[in-house]
Structures are given as structure tokens and as C-alpha cells.
Amino acid sequence: MTKDTVIGLEVHVALDTKSKLFCRCSTQWGLPDNTAVCPICLGHPGTLPVLNARAVELAVVAALALDCKINAVSSFARKNYFYPDLPKGYQITQQQQPLARHGSVKFQAKDVVREISIRQVHIEEDAARLYHHKERTEIDFNRAGVPLIEIVTEPEFSRPRDARLFLEELRLLLIAAGVSDCRMEAGNMRCDANISFAPDGQRTEIKNLNSTKAVQLALEYQQQNRGTSASQSFTEATTVRWDEKNRRTVIMRSKSESPDYMFVAEPDLPNLCVEKSMVEALQTQIPETPLQLSQRLAGDYQLNDQQARVLAAHRDKAAWFEKAVAAGAPPAEAAKWLLGPVARHLNLRGKNLGNIPISPEQLARLIKLQTDRTISNTEAREILQQMLVTGHSPESLKKEMNLGRRWDEQTLVKIIEEVLAANSKAIADYRAGKARALDFLTGKVLQRTEGRADPAEVTAMLRQHLDK
Amino acid sequence: MMPTLRQLVQQLEQGQTTARQFTEQLLSQVANAQERFNVFINVTEEMAMATADRVDKLRRRGCFLPPLAGVPVAVKDNILIEGTITTCASRMLKDYVSPYTATVMERLSLSPLMGKTNMDEFAMGSSTLTSAYGPSGNPWDEARVPGGSSGGSAAAVAAGCTPFALGSDTGGSVRQPAAFCGVTGLRPTWGRVSRRGLVAFASSLDQVGILAPSAEDCALVLQTIAGHDSGDATSSHQPVSDYLGGINQGVKGLTIGILRDRNVDNQQGIDMAVDKAAAMLEKAGATLVEMDMPYGKEALAAYHVIAPVELYSNLARFDGIRYGYRAAGHSYREILERSRCFGSEVKLRLVSGVNLLQREPDEKFYAKARQARKAVTDCLHNMLREVDLLLSPSAPLVAFSKEEKDDLLAMYFNDYHAIPASLAGLPAISLPCGLVNGLPVGMQLVAPAWSEGLLLQAGHAWQGISQWHTMAPGRSAQ
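Chains as they are written, first to last, in numbering that gives the first Met the number 0: chain P, 0 to 467; chain Y, 0 to 477.
Just chain P, same shape as in the assembly (with noise of 0.2 Å):
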């Protein structure tokens, strides 16, 4: 069933620039209607585009992320038609002449990784949003003028969920790359997917996916449905919507609908020349890519799949895991800890690794604490709790807290033999084969040392005792 699907995306992504593409408005999300507008971007008579330097840098690293040939030149044109959120009737886009071509993206589908040819990066201004009620459409301007680049995707995609993964790569390489923080939810990454099936070629456009899911069940949705008469018809290219509510996709237009842009050439504005010294300097902060990120993480640290996928998911995270292994850390643990306890204490609290009180390096040196058994894991872990509230360094802290007591043998002993002399029962059960009852009774001894004596010593005590 996949051999013949052919999958393309659209993705449109807006720029993380302070100010619009052609005037100084504001882009901050959430302003109150209509506040951030001024006559260029209400397309007011008279006004001129003036091009936002800031965004074509933006734009610029955000191609050479995807591994784009940069165009020394490329230029602006009108796509003309009319619509309540188009102020000027026409959208200033790159579309035509773009910005950058020829790239390629990486991504894990499962075990396999695969690579996506990326047919062109170009730059265009956003329009206004629409909202529809039953007796009249609002619109706010906010958005319109907002700097947005589309990357299209050739449709060398045949599996939704590839789709869905390519998407989610995207949006951490971009995030990484500081281009856009792309929050679908916000609708500063939005999606169209085209998807066809061979032989008969026809297109399919589909609208309206306001996240990585929603992508690869509206393209399973036109899988599953292709063909059938009760849902839509396949004999000309069409546009359909994605019903999120009701899961299916309806018809928007068919081809002999869609509109004649008219693609004129912008005369207001001049060609963009992007110079070669530009495009070297803006090379240089080209982070790795995730995939890449996560592939040298499990390589080089002997991480697990899925730690280095969550590392490579939060750059922050991965760049403090290495500071902490360089401090010293065993890497296994460092992983184990940093996404276990910390990420834990992080998300109850709202922070991240940038307000949190404590350093790579202090928790290389409380896991050495731990696995020199200089203090028991689980006293480690209350180390932890109060490192991250008071940023006080593991070794006060233990101190502080009277930690890390050797429990001397003698009273491990006689702990030992009140716990043996308490369970017959359980003896009997080792003796009789039953590995879980040491474990039991290691548990029972550690009870009455309160956690604080190190469990694989008294197991093997323990053994000890028994096997005489």
C-alpha cells in the first residue's frame, strides 16, 4: 500500500524577529487585536515594503540548517488575489525566485534513518487572522506582514509517519538553530501536506493540520479513503480541509477552482544580493543537526536510543550532560540522573537547566560520592532534593545532613541477625531456591538502617550468614 503513495510537505515557519517582514511592528504573540499595525502592513495607498535585514539572516540559517545551496540572488513577486486577510490583495513572496535550493534533512523513522530532498527555502510575509462567527469574520492584523519562510519538501515521502517524523525533526533543528521556536499550537509552524497516488498522479492538497499528529492521520485518513465515492473524488487535483473534531478531510476546492495568482514581479523592492562573507559567517552557528546530535551522543557516551533521542530533543540538557561527563561523571550515570531526578524536579517546578542552582559539575561529584559508596544511593538522591533547593555543594551538604555514615559491621550484624532471627520464613524460602527472598530481607535490613547502609553490602552479608 505504501509503494505508491507520494507524499510532499509545505511547511511555513515564522521567523523568530522582533519586528515584521517589511515594517517595524511587533511580532510578540498575544497582543491585543489590531494593536501591532501601522499603514504598511494595513496595506495603506502610498506605502512601501522597507525588507527586514534581521529575517534574511533568520532565513539564511535556517537554509543552511536544512543544507541549501544559498542563491547570491534571488527576488521578490506579487501573488495577487483577494481575501479578507490579504491587505494589500496581493502576498509579497520569494516563491518564484527563492532564497535557497537543493537541500536535504535526516531523520530516525524507527530503526532506519532516512533523507528528505528539500526542493527550496524561500521568504514571504504572513497574512492576517481570520476569525469566523456566524453573523460576521473578524480580522486581526497582528499577523499580517509577520516573516515567515516556506520550505517545500520534493514529495519523496511514502509514509505518513514518515511525515509525522520528518516534521518533528524539522521543528528541533529549527528550534536549535534559533530560527523560530515553532509552536504549531501558536501557529508559527504550520503545515500542508500534498499527497498523490501512482499511477493516476492526481494531488491531493490538505489544509488546516495544526500539529505533527494531525499530519499523519489526515494523510493515513487519505489513504485509508482514496477511491471511495463517500468521501471525495479523485479525477482532478484537489484541496481539502482537516477536520480535527470529526477526523476526516472535506473538500475545499477542486482544480478547476483554484485561483491565477499572476505572479507579478515586486517592483518595490530591489533584488536580495546575499553575500558569499554572510553566508560563511552565519555557517558558524549552524548547530548539529538532532539527529546528528543524537547519533554522537549514544556513540560517543554508549547511551541507549532512546536517552540520546531526548538529549539530542534539548540541546540544553545534552550540553550540560557533557559538561557534567567532562567534570568527570560516568556517562550512564550522568544520563541517569540528569533525566531522571533532575528532569523530574524541573518539570514539577516549571524551571529549566538555566535557573536551577546547581552545576554539571556539582552533580559529577555527588554521583562520584555515590559510586566511590562513599553514601548510598539512596542517600544521593536526598542530596539531590536539597542541592537543587539550595544549590549547597554535595560534600556541606553531607555533612550538613549526617550522611554518608559507614555503618560499622558489628551493628550491621546485629541488625542482621534480629532481621534472620524475625523472618524464619523467609530463610526458608533461600534456602529452598527462592532468589526474591534475599532481596526481601535486604529490604527488611535496610528498613532498620532506615535506607542509609548500601544494599549490596548487606546482601551480601546477608550470604553470607545464610550460607554458612
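Don't read these hints as lab results, they were simulated from the structure.
A virtual CB, placed ideally from N, CA and C, is assigned to each residue, including glycine.
Do not rely on the hints blindly, as some may be mistaken.
Straight line, CA to CA, 27 Å or less: simulated DSS-like cross-link-like pairs of lysine-lysine [said to hold, decoys possible]:
1) Y:K373 x P:K78
2) P:K78 x Y:K363
3) P:K105 x P:K17
4) P:K17 x P:K367
5) P:K398 x P:K367
6) P:K68 x P:K275
7) P:K78 x Y:K296
8) P:K413 x P:K424
9) Y:K93 x Y:K401
10) P:K316 x P:K109
11) Y:K367 x P:K78
12) Y:K363 x Y:K296
Calculated Cβ distances over 10 Å to all of chain Y for the following chain P residues [stated by the list, open to error]:
13) V49
14) Y82
15) K87
16) A185
17) F196
18) T211
19) P329
20) T370
21) Q384
Selected chain Y positions facing chain P (in silico; Cβ < 8 Å) [what the hints assert, rightly or not]:
22) L79
23) A101
24) R194
25) L197
26) A199
27) S202
28) S229
29) D231
30) T233
31) I320
32) Y322
33) Y324
34) L335
35) Q357
Assemble the complex: chain P is given as a structure, and chain Y must be docked to it using the hints.
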């Protein structure tokens, strides 16, 4: 009798008159001209007096003031000035309050604004007959048109309402009315003056232009308004010349190519007037050379493909939703269709434009027109390598009657001589050079890009040996 700009500036600086006094004088002239010639769409008396008073106050305090401070101006009603209505002579913008001020007017902020002048609707036309606020009359004969589309601005200068005026020139809209009204009209190089705040008609052809009695007056104004504007990405960084500094260099040593075009029959008397002027320039030291203009027809055709195409997208923003006239309607489409209440000439060009864009997937006409434009541009550049300036009539005819029911092509023909320079983006000036049947004739000089100084120098020299620019309607040469 209107002093020259230079004289007026001097009078103001030396205290021989005040901005208030002079502006008040003019306002009575304005009232007169308004009644007879319908020069203005809106007269801005209060604004003018307020600016005049502010300038006088600053001057009394001894503040440094720019040269044109206190010098009144009339502005074509497609240039936005905050505090004024900007109608573009259309019903669409009848009550449109300008939300900002055009860059050119920011640079003239201390010039009292007499009013917004009449024009052809959205700047397309050669007569002001398409204005939604009635046509203007030519001060030389009020039954005749002042030309267009900057007809009101030309008439304002000719009628003595203002020492200078701003217009816009896309396919001759400053030069042709200047010729019809016997005033001097300058179209700068495309990119010399900021277009920010000029309502766009055909963006790659539009340029703000100056109308005034003399070339020297134009030089003074150009000095103030020319120069790069960060708000206009197509405005040039080319340094602004010292236009006044070079203006007295005369025509000695200049080579002028007089353009002969077999494809056009100018109205009787026009060629003679231009030839006479050429002979006088030769006497004054210029070398005149005969040149063939091969692409006049192609230029006209190309213009009437390119302009409507660009117009179509420039007028797409008028949907009544955010500003301008809005009709009632139940859907966007309904509001859109009902609100776009353009006049017939505008509608015609819109239909033409969308047709040209839509008709063929391989863009036959538009692509061909762009090629023709390049050919015309190359031709002019080549000619200007051989000579310093090109000379021709500004228009093929003199002011025609308001009643003349011309067919479309005849009307478009008005711009025949003006269009090539527009297509090539080159600077050009129209200078009064004669009378035919008592109506003004203008001659046009075209210079290489950024050589406005050369135009003004030659124009000033011409006006030093001729009197046509000093004539006013109803008054003989002095």
C-alpha cells in the same frame, strides 16, 4: 505678479515679506482660480496659515530655517499628507484621512500647503476629465483641459495660486500638463525622489515631479526633496548634485540630439516652435544633431501593457475593508465588488491589466512588453552616449477642449513623446517654448540617469534667452 522662487526665498529671509502675508495674498488668488478652473479638490487654508505662522515665529526667533520654509506649495491629491484628505480624485477615497505624511512632504513640512490639487483619477489620464470631482480648466482657456494627470498642479502654478507644485509623472503626467499650461515641469530619474507616500499607479514608472514657472525654481525644489529615503527601498544612494551651483553653466559645448519620429504627426506649429528653440540654443553655443527615434510606437504599446498590469495589483488593496468607501454587503466578495467604485477609465485599465496577466500562461504580451521596454531603454542609453541631451516636443498637441470626445487611443497618444523616458527611468523636463493658437507649447529635454543638473542647466540657459516661461495667461511677453 509672482516672484520667482529665488526672489521669494530672499524676500522671506530678508524680512521684506512674511510667510503669513504672502500666503494670505495667494489664498485670494486661490479662491479666484478655484472658481474659474477647479484647480483644487481640497483647499487647506487653515493648515497653510498655521504653517505660515509657525515659520514666521521661528524666523523671528532667529532659528535656522531650510530654504523653502514659508514658501507655499500645492500638492497633487495622490500624495499623502497627515491632516489632509487624499482622494486621488476618486470616489473610493472621498473621505480618506491620510494616516501619515509622504517623505517628500516631510522634507517640505515648513511650506504652507495651499491645497490638494485636482488630477485624473488615480493618476491615469492626460486631461483631469476622469476626476470624480469635475475636470479642471486650463488658465489659458478655461474651456480647455490643463492636461493630466497632474493637471490641477500645472493649473495652480499657471494661475498664480502657488510658487510651485508637486505632481506625479508615470507616462508624462507632469511634463504634458506643464506643456499645456505653459509652465516648467521636471520628472526626476526613477529613484531620485522617494515614492513613499505617493499612491502607486505603476510602481516601476511612477515618480514625484515638480511644476514651477522656471527651471531655476525646479532646481531649488529638487535640492530639497531629492535623496535617499530608507522608507523607499528603490530610492537611490546616488549623491544629490548641487543643482543650483551648476545651473549657470549655459549650453556652450553641449550636444543636443533633436529627435525625429516619422510615426507621429505633431499638431501644426509644434515642430516649428521646437525647431526655432533648437536654432536659438545652437546660437547660444549648443551643437544640434538630428537623430531618429525608432521606437516611439513600441514604447507607447509597451507602456499600455506594463502600466495596467502594475495598476491591477496596486489597486487590489482597495476593498473597502480597512479604509476608503465601503458598500454594505453580506460577504467579503459582495463588499469587495460593490465598494470598488472606480470611474470608467480606471475600470478599463483594470480589466486590461487582469486580462494581460491572466490570458496566457506563457505571458506573451507582458513578456513582450518587458522586452520592448528594454529595447527602448537601450536605445535611449545608446543615443545619450552620442549626445548630452535629447530634444523633442513634450506633447504632440496643445491643450484640447474639455468637450472633445476623443477615442481612447487618441487620448493615449497625448503621452507619445513622454513615454520613452518614463520606460527608461530617465530624467526629463518640459520647458515652455512657444504658442500655437494662443496656447502654450512645451519642449522636452531628456538626460542620462542622475543628470537632472544638466537638464536644469540647459533649461535655465534656455529661459535666459527666451520669454515663454514668463508669459501668463492673458498677459503678453515681458
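Results for each hint:
1. Y:K373 x P:K78: 24 Å, holds
2. P:K78 x Y:K363: 19 Å, holds
3. P:K105 x P:K17: Violated, at roughly 30 Å.
4. P:K17 x P:K367: 45 Å, violated
5. P:K398 x P:K367: Holds: K398 of chain P and K367 of chain P sit about 16 Å apart, inside 27 Å.
6. P:K68 x P:K275: 11 Å, holds
7. P:K78 x Y:K296: 31 Å, violated
8. P:K413 x P:K424: 19 Å, holds
9. Y:K93 x Y:K401: 23 Å, holds
10. P:K316 x P:K109: Holds - the C-alpha atoms of K109 of chain P and K316 of chain P are around 23 Å apart, at most 27 Å.
11. Y:K367 x P:K78: The given pair, whose Cα atoms are some 21 Å apart, holds under the 27 Å limit.
12. Y:K363 x Y:K296: 18 Å, holds
13. V49: 6 Å, violated
14. Y82: About 7 Å separates Y82 of chain P from the closest Cβ of chain Y, which leaves it inside 10 Å; violated.
15. K87: Label violated. Min Cβ-Cβ 5 Å, cutoff 10 Å.
16. A185: For A185 of chain P, whose nearest Cβ neighbour in chain Y is about 25 Å away, the distance exceeds 10 Å, so it holds.
17. F196: Check passes; 27 Å lies beyond 10 Å.
18. T211: 32 Å, holds
19. P329: 58 Å, holds
20. T370: 62 Å, holds
21. Q384: Given a closest Cβ separation of 56 Å, the condition holds.
22. L79: Result: holds, 5 Å to nearest chain P Cβ.
23. A101: This interface hint holds because 6 Å falls under the 8 Å limit.
24. R194: 7 Å, holds
25. L197: 6 Å, holds
26. A199: With Cβ-Cβ at 7 Å, under 8 Å, it holds.
27. S202: 4 Å, holds
28. S229: 7 Å, holds
29. D231: 5 Å, holds
30. T233: At about 6 Å, which falls below the 8 Å cut-off, the nearest Cβ of chain P leaves the hint on T233 of chain Y intact, so it holds.
31. I320: Since the shortest Cβ distance to chain P is 6 Å, the answer is holds.
32. Y322: 7 Å, holds
33. Y324: For Y324 of chain Y, the interface hint is violated, since the closest Cβ of chain P sits about 13 Å away, which is over 8 Å.
34. L335: 6 Å, holds
35. Q357: 6 Å, holds
Of the hints listed earlier, those the structure fails to meet are numbers 3, 4, 7, 13, 14, 15 and 33, in rising order.
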